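Those sequence lines, one after another, are chains A and B.
Letter 77 of the first sequence, counting from 1, is numbered 77 in this note's numbering, and no numbers are missing.
Letter 627 of the second sequence, counting from 1, is numbered 627 in this note's numbering, and no numbers are missing.
A few of these clues could be false.
The following label-pair restraints were derived from C-beta to C-beta distances [said to hold, decoys possible]: (1) A:A165 - B:Q31: 20 to 30 Å; (2) A:P222 - B:D464: 33 to 43 Å; (3) A:L246 - B:H554: 43 to 53 Å.
Quick caveat, the hints were computed from the structure, so don't treat them as lab data.
Bear in mind the structure is a predicted one, so any value in this text is a computation, not a measurement.
Cβ coordinates follow ideal geometry from the N, Cα and C atoms, glycine included.
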Amino acid sequence: MKILVVLRMIPDSAGELELTSDGRGIDREWLDFQLNDFDDHALEEAILLKEASGATVVAVAIGEGSNRVLQMAVARGADEAIALEAEGDGMIDSRAIAGSIVALARSKAADLLLCGVQSTEDLFGQLVPYAGALLGWPHVSGSSRVGIEASALRVTQERGGGIAATYEIALPAVIGVQTASKAPRYVSGSKLREASKTAIGKAPSEPAGFERSAEIVALRLPGQRGSGENLGDNPENVADRLASILAAKGFAGV
Amino acid sequence: MSETPILWIVTLAAAALTLWRSRRYIAALAQAPGASRFDQPWRRLEGVAIAVGLHRKMLRKPLSGILHALIFVSFFVLFTVTIEAFGSRLFPGFSLTPIGGDSWIALLQDLFAVLMLLGLGLAVYQRYALKPARFRGSSGSDAAIIYVLILLIVSSLLIEAGARIVGGADGSWRPVGSLVADLLRALDLAAHPTERIAYWIHIGAILAFLVYIPGSKHRHMFLAAPNIYFRNLEPAGTAPAVPSERENPGVTSLGQFDWKQQLDLLSCTECGRCQAVCPAYASGLPLSPKMLITDMRDALANDASGPLVGGIIAEETLWACTTCRACMEACPVEIEHLPKIIDMRRHLVDEGHVSPMLQDALTNLTRLGNSMGKPSKMRARWTKELGFPVKDARSEPVDVLWFVGDYASYDPRVQDVTRKVAELFTAAGVDFGILFDAERNSGNDVRRAGEEGLFETLAQSNIDAIRECSFNRIVTTDPHSLNALKNDYRHFGAEFEVLHYTALLAELIAAGKLDITAAGGALVTYHDPCYLGRYNGGFDAPRDLIKAAGYTLHDMPRCRENSFCCGAGGGRIWQGDDGVKERPSENRIREALSLGVDMFVVACPKDKVMYTAATDALGVAGQLKVVDVAELISLREAPAAETDDRVEGCAING
Ligand code: SF4
Ligand code: SF4
């Protein structure tokens, strides 16, 4: 089995975001980038599948800092690392990258495409259905466990209210991973240093063939919210203070 | 049958049995990887003379030290009895008489037999009446067997001497022997048979002792001196590098430890001094440095199967250590606990066996160069609120390159102190600059958490950045960075002159560069940070600063080399408090509270964080204020210099 796993680099949310001068994008010049958390889980699930059933894992990364993350993927057990050339340095738009991912899945003869269920730049999790549609493969999103049984996948999907549904899906397939079966492992610095010698392949960007459907006309930064007040841990003081705040705001007549 | 062949037979049999009982140790040491501990013989011998000859560390516990000294010296004097007892029968005609065996040597033997019994009595009193907690976990039966054997050896030699006097020997040089002789006469015991029986009891007890030793902590009689001789002479702050011949960074079996590390295991006396000072042990975590050593020793002795890490030594035991080094400082036979702990942690990290919190911290460090997960661009944020710009050492030459460190840079609870230090430097006219976003965590605790690969990455990145700058000296805020830059970076060939900010400030004050308004002599106490004090000997500069600032220092009972760790070191700050009954920091605050001082002075950013949290948790923040030593210093012309003033309140001279 061959697994292709998608790793997207997203702006580090701990950094300070600034908008570009046209107000339609985030100024990426001073940002730190980090691996999308869900993609980290997708990578872990891929490695767990490899360990359980001997798959080959190809990691493909998109965005600034791809090489570093690909080295990490190799240190964790990926067999091949590919950096996807991105168009411009804007947001990673699922509609735009789906074509390149699909082309890679085909050229690498992958049986399974794993990506994170969403990213901060794809909040609605569109990459999985786009890729599934372009490939003509079945797809499931929001997995919390992916296992392999007699050449079919068993995918557990978290539903609301603590209910979990398990699907059986024939390969090839596309899965949007919410959490891996186990938390992503730690990979030591010495393994990373070892992996930093791995050659990283390159793949060109391919058009998805979709018409452009919508444009961003404006982005807005989160508004400045008032700061909180710590009421301490003495119940009496807390009660007094709370009462006076409520009174001051006109909620209660104290 | 004459006594000579019998004695030969039993002596040789006992020697053979002793060797056989030692076979595993001998084999283990012979097969162990090498360690270069043969340099500087004079310095090594000097250390042995001080440790063994003067009982320097032993006497830190006066009762133990004195009783051990009594037994130790008496042993050497009474060894002449052993020589005579064996010599005279193994080699008929041998005697010490020509050199005074019947005169002054006899007198000494008599007196030291009594001193030996006195030492023994004190030992019994200590172990069974005083019962110090440090003996908890030590083998009680081992100690008891040795006490009985010593009692047999000494009493039999006195009875033998007494019986000889009864039989007509001269008793004038043997006052104690004469008293025993009177007793024998009173009991109407026949001289000759009594002498023979006492002789053979003496011989038997000595040989039993010999045979018993390989399986007992009394191996230290033979191994303590060599273990001290082969001690580590590298600076205390340099963590041992991974030997190049090792395939993986860590150690997974006892046999991978070099011969000195294995010799350590065999030399432990089970005295528990290490356990008594261990903050992890005190906080209720499953780590006793003594048991760490004896558990591995027992595994070595029994050729135990099963894994070392996670088996013989539990993972929680390894993660409990703060790397404070108090155990090594206390150990009278120079056992090195930390290299073993670090080597076993290296294995855990390499396998990815880290707790989620530690994983987060290490992942942040890998990604961003700081454990908090903050962007590197925000590292120099604290400078924005200063009233003056700070030089970028990467683009202009400076005299002092200030390596600020993670906590001092990012933690809002410490940034005020960092700004105060910057203002003091500026006031004193120091030409300094920082590395801005090129600075990374120094890797001190990363290395001690067992993450050698990440440490190398961080160190290399810092060294590259530092080498790009033109400067004369480096100053650090964090004692942990001080240690890494000064001691660990030597592994990469980087030898910088590094000093702690307290040392630089003390130097500036001594040179009259800072104009200080002295406070009114209020009582304060001071906590020696492990990595400033015990590791790097920085005991005096902070004390000088406290004095210069006009405060009166009242040291805590555990101060200087014996300082008690705050509990944050060695990566502990990135671990949870699971299993902790009393946080080391709270234990420390209680110690300070008992002194009745108003302020708890620190000289490490982590201490400011740890102890502020501890006074809050104990609800004593109003009673005992945690202040950095820099905050104590108020410059003249500063308006109303209260220590909790916002730093903007402190005017800058010049
Ligand atoms: S270094 Fe400190 S915490 Fe670690 S074992 Fe020794 S005394 Fe205990
Ligand atoms: S390691 Fe050292 S201090 Fe600890 S019990 Fe053994 S001999 Fe004593």
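- prompt: How does the Cβ-Cβ distance of P222 of chain A and D464 of chain B compare with 33 to 43 Å: does it lie in that range?
  reply: This hint holds: roughly 37 Å between Cβ atoms.
query: If you check the beta carbons of A165 of chain A and Q31 of chain B, does the distance land in 20 to 30 Å?
result: 58 Å, violated
- prompt: Are L246 of chain A and H554 of chain B spaced within 43 to 53 Å by their CB atoms?
  reply: 47 Å, holds
This entry does not satisfy hint 1, going by the numbered hints stated previously; all others are met.
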